[in-house]
Amino acid sequence: MSIAYTAEQILELAPDSSAGKAGRDLATASKWKNLGCTDQAIWGECQGSGANPYQTRADLSGPAFKCSCPSRKFPCKHSLALALLFSANQALFEAKEAPAWVGDWLSSRGAKKRKEPSEAEKSPEQLEESLLAKDKRKQDRLSRVQAGIEELDLFLSDLMRQGIGTVKKQPFAFWKSRAARLVDAQAPGLARLVSECAEIIARSSEWEDALIDKLATINLICRAFLKLDELSPELKADVLTAIGFNQSQEELLSGAGQCLEDHWLVVGQYSYTQDRLRVQRNWLWGKSSGQSALILGFAHGTAPFDTMLIPGLFYKGELVFYQGSLPQRALIKSKNSEPAIAPYVSGLTSVAAALSSYASDLAKTPWLDTVPFLMQEVIPLRTPEGKWWLVDKEKNGLPLIVKDDTGWQLLSYSGGLALSLFGEWDGTTLKPLAAMKDGNYLRLQTVEV
Amino acid sequence: MATQVKKSPFYELTETAILGTDRKPLNRIIASGDLGQTIADLSLKEGLEQSQSPERVLLDQLTTLSIARKAGSHAHIFENTIAVCPDEKKQKVSERSLALLVQILALETRGSELRPSKMIADWLIFCAEANQRVPDEFVPRLLGLGKNLGDLHLLIEQCCGEHFAWLIALNQEWNTAYKKSTQEQSAEADRRQALVNIFETALQKERYSALCQLRAIAPQEALAALSSAFEKESFDSKILFLKALNSALSLSDEPFLEEVALTDRRKEVRTQAAALLCLITESRFQQRMIARAEQYLSYNSNNKQFVVSLPDKIDDSMSRDGIIENLSLDSRLGQKATWLCQILSLVPTSHWQKRFKLSAVEILKTATSSSEWSLALTLALINSAAKFGEVEIQKAILECSEIHLTDSQSGLLLLKALPHTLLENLILQKLPSWSQKSEQAPRLDLWYYLEQVDFNWSENFTREIMKFIIKECREKVPVFGHTFYSNASIFALRMHISAGELIEQIAINSEMTDVYRRNALERMSETVKLRYEIFQSFKSSNETSTISKGNKQ
Chain A
1 MSIAYTAEQI
11 LELAPDSSAG
21 KAGRDLATAS
31 KWKNLGCTDQ
41 AIWGECQGSG
51 ANPYQTRADL
61 SGPAFKCSCP
71 SRKFPCKHSL
81 ALALLFSANQ
91 ALFEAKEAPA
101 WVGDWLSSRG
111 AKKRKEPSEA
121 EKSPEQLEES
131 LLAKDKRKQD
141 RLSRVQAGIE
151 ELDLFLSDLM
161 RQGIGTVKKQ
171 PFAFWKSRAA
181 RLVDAQAPGL
191 ARLVSECAEI
201 IARSSEWEDA
211 LIDKLATINL
221 ICRAFLKLDE
231 LSPELKADVL
241 TAIGFNQSQE
251 ELLSGAGQCL
261 EDHWLVVGQY
271 SYTQDRLRVQ
281 RNWLWGKSSG
291 QSALILGFAH
301 GTAPFDTMLI
311 PGLFYKGELV
321 FYQGSLPQRA
331 LIKSKNSEPA
341 IAPYVSGLTS
351 VAAALSSYAS
361 DLAKTPWLDT
371 VPFLMQEVIP
381 LRTPEGKWWL
391 VDKEKNGLPL
401 IVKDDTGWQL
411 LSYSGGLALS
421 LFGEWDGTTL
431 KPLAAMKDGN
441 YLRLQTVEV
Chain B
450 MATQVKKSPF
460 YELTETAILG
470 TDRKPLNRII
480 ASGDLGQTIA
490 DLSLKEGLEQ
500 SQSPERVLLD
510 QLTTLSIARK
520 AGSHAHIFEN
530 TIAVCPDEKK
540 QKVSERSLAL
550 LVQILALETR
560 GSELRPSKMI
570 ADWLIFCAEA
580 NQRVPDEFVP
590 RLLGLGKNLG
600 DLHLLIEQCC
610 GEHFAWLIAL
620 NQEWNTAYKK
630 STQEQSAEAD
640 RRQALVNIFE
650 TALQKERYSA
660 LCQLRAIAPQ
670 EALAALSSAF
680 EKESFDSKIL
690 FLKALNSALS
700 LSDEPFLEEV
710 ALTDRRKEVR
720 TQAAALLCLI
730 TESRFQQRMI
740 ARAEQYLSYN
750 SNNKQFVVSL
760 PDKIDDSMSR
770 DGIIENLSLD
780 SRLGQKATWL
790 CQILSLVPTS
800 HWQKRFKLSA
810 VEILKTATSS
820 SEWSLALTLA
830 LINSAAKFGE
840 VEIQKAILEC
850 SEIHLTDSQS
860 GLLLLKALPH
870 TLLENLILQK
880 LPSWSQKSEQ
890 APRLDLWYYL
900 EQVDFNWSEN
910 FTREIMKFII
920 KECREKVPVF
930 GHTFYSNASI
940 FALRMHISAG
950 ELIEQIAINS
960 EMTDVYRRNA
970 LERMSETVKL
980 RYEIFQSFKS
990 SNETSTISKG
1000 NKQ
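Protein chains in written order, with our numbering: chain A, 1 to 449; chain B, 450 to 1002.
Bear in mind the hints are in silico, worked out from the structure with no lab data behind them.
Among the clues, some could well be false.
[Unchecked claim] Per label pair, the in silico range of CB-to-CB distance:
1. G439(A) with A614(B): 25 to 35 Å
2. Q90(A) with E578(B): 22 to 32 Å
3. E578(B) with T383(A): 37 to 47 Å
4. P399(A) with D536(B): 50 to 60 Å
5. V533(B) with G439(A): 46 to 56 Å
6. T28(A) with K541(B): 54 to 64 Å
7. T28(A) with N968(B): 15 to 25 Å
8. Q90(A) with Q653(B): 52 to 62 Å
9. S271(A) with V533(B): 13 to 23 Å
10. P868(B) with S271(A): 53 to 63 Å
These figures come from a predicted structure and were not determined experimentally.
Every residue gets a Cβ at the ideal spot worked out from N, C-alpha and C, and that includes glycine.
In isolation and in its complexed conformation, chain A is listed as follows:
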């Protein structure tokens, strides 16, 4: 079998640290029997507390896992252990024909991939009816959003009249109730931005400029929405996305979105919780195209993310980009692991070029939240005041927002020599997500901002 992940990469998939630890403990040959593999999959049986052993199988091209154990965690400890065992000693896995319980699963996975979109199964009449209903729903929503934005506009004007100096004393509910009204008006994107205002005030001592920037973004989106009909289709899509309109994944995959095939490196990944929803941000970088793509994953509780991507690995596949003037968010149309390729992609070689690129992105989408920066030949350093910077060959620096531990890790990894660094730039600071050097990839812990 050609695909082999490192133990570290497999443990990245663990839903929590205890699952990872349990997986490691189970990854010994004595706990497994009937281990086997084909070019596509690996499998084995692990004796648990039940009478029958658990049947565990993995399609490492995904990777994807399935286990007969009752665990709600995904991947479960048995799945992790199976992959870890394969990573440590492939010789334990006998190359043979897959048993029925593996073959059936692989077939059902293949069938799911081939399944046609449901829209295509509808008759022309049903399709027309469905389109009309959809259009009506959209118009209704636009009206509600319009009303919500007008109300928000009044709120912002009041805020300017009273001064933002007064909001420091306001309770969290001051912003939360405003955000709730926007949720009612079906503008969740704006609601999120309003909620973030409360977080800015709560966490920072120098919050005024940050709050003004956030209010400016909200104002800009509101103003753009009120002139929606005058905007280009791309900008219109941007505004609607910023407000919280979802683009139909089905439509995008069936041809509405721009499609790009490449070898994609998972160059950065982190997750956070937002309103009890776990969000995973995966940044991909095209080896040939130099295009970046953001794949978002969502999950509730301990449920797995719908897409499993391992940082530092290449995937060969097709991505479909969401519509907008600056294509960034994308969907995976097809993917296959390419772990043999060393993690290297080319990026920007100077801080000036990066800032200039950001300025031109901002010109296209002025409410842009963050942009990905892949900086090459840069050196991390720490000032005597304890601030972290990324400095290029011309001695120009970008400020890093990083935990001290991560900063030292990055500095030590560089050894004072140039490396490549990937991160998210928000207009004032760069949040590093990964560093690359000599064909090696280092994932960095992110700081919650």
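Using the hints, position chain B against chain A.
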């Protein structure tokens, strides 16, 4: 007249936003450049439409300013960069070894158990022995981890390669923490001075450690450092620092101990000084103590009994020499027996051998049969054997079936003082007696013996103990008792790891209903397996590198 600082028009905008248009009306902005022009144009819109209130104009101006600020970010220019780390010469540890280190670092600490720190030390020792280093990105984690663990500094330095010196030069906190170990490697004189400095300025624990180190390399300088500071020390510091003089004791220590420490107003300090003085051969104190002991103890060769005659009360000279009138030494001893025990404990047994012309075995036998004084005499001999390290009496005590060392504090002290080989032999000798015929445990004594001694067991000894445990587990239903959990955990940490392969033979099955035993065995098994895996990971990576070197040649 005070000069007014002219504010930037953009600053004024922010100020208006903070104060509000009610308190600071929006002024027309006059500023140069494209940004200034755009903002000025927005001002002109005020009042043109119903929606163009001053607040709305302010919002639009702030929005323009915000975008301009983001788009116009300039890079910060750095004049200096950092030095480059020298090339690494050592090979990186294998992925497996590193994964094991990560696993150890993630171990949960239960109570005050030693497991994580001992395992980390183990890992570092194997890594240093294999002449390998952690990956570059892992060095800060190791430095952070070990900054307060002075014992690990040297190992950490070895395991971090060139990155160690490079990084600690960049981090003040690490630099301070690791400076000591760097100093230790500097010239001898510098090192001695550094230790004196630490003793003079640091906290009690570090001072004690520095004094011990100084005593080991320069006994007289250690004595001088302690003498100069002694009077100003607190009583607990005095006791602690006196213990540091225990090594390399000589007659040159006598004046300080006799004239300063032994005249201290606290009896605890005097007792500690007495414990040291009695170890100095031909010291005035030893001679006084022998003369005193001879006065109170004699031997009747006719009935082969010791004869004890003690005074009614202790005099000033006894009190000055650290004999405590009301000492609670052992609940079975009366007041006078305690005096006797204290005095005789400070006299080497070899003195009595010469004086009474008896062997160590005969002295012990006589002591145990000396009716009412037998316990005091026996405990005194045990104390003396621990203090003076005389092998003949130590062996005699170990061979005496009437003495259970784990029954008294003195016995436990002797266990700790025994040479390792002697103790290992003692335990191996006793093993069969701990294996009982009934369905019971190897007696708790085994674990007491193992627990009392803090050193790493030899390979042969570990194998024998492991085989014993395996056999006991297979053949019986041992009741190890509630302390077995900690006993087994400690054993797992101290045992010689090359015997780790035997752990698989310990039968732990899911039917075990005795939770204490099962948990303890599982814990022990987990610890030994992890230690053994670390050992194997370095062994195999070393073999791989040797093979690859061989192939190259």
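These are the hints, each one checked on the structure:
Roughly 27 Å separates the CB atoms of G439(A) and A614(B), a value that falls within the hinted 25 to 35 Å. The hint said 22 to 32 Å for the Cβ distance between Q90(A) and E578(B), and at roughly 29 Å that hint holds. A beta carbon spacing of about 39 Å between E578(B) and T383(A) agrees with the range 37 to 47 Å that was offered as a hint. Between P399(A) and D536(B) the beta carbons are some 30 Å apart, a value that contradicts the proposed interval 50 to 60 Å.
One distance hint, 46 to 56 Å for the beta-carbon pair V533(B) and G439(A), is violated here, with the actual separation near 20 Å. Our hint of 54 to 64 Å for T28(A) and K541(B) is violated, since their Cβ atoms are close to 25 Å apart. Judged by the Cβ atoms, the range 15 to 25 Å given for T28(A) and N968(B) holds: they are separated by roughly 20 Å. In this structure the hint that Q90(A) and Q653(B) lie 52 to 62 Å apart at CB holds, the actual value being about 56 Å.
Taken as a hint, the range 13 to 23 Å is violated for the pair S271(A) and V533(B), whose Cβ atoms sit roughly 35 Å apart. Separation of P868(B) from S271(A) is about 58 Å and conforms to the stated range, judged on CB atoms against 53 to 63 Å.
Violated hints, listed in ascending order, are 4, 5, 6, 9; each of the other numbered hints is respected by the structure.
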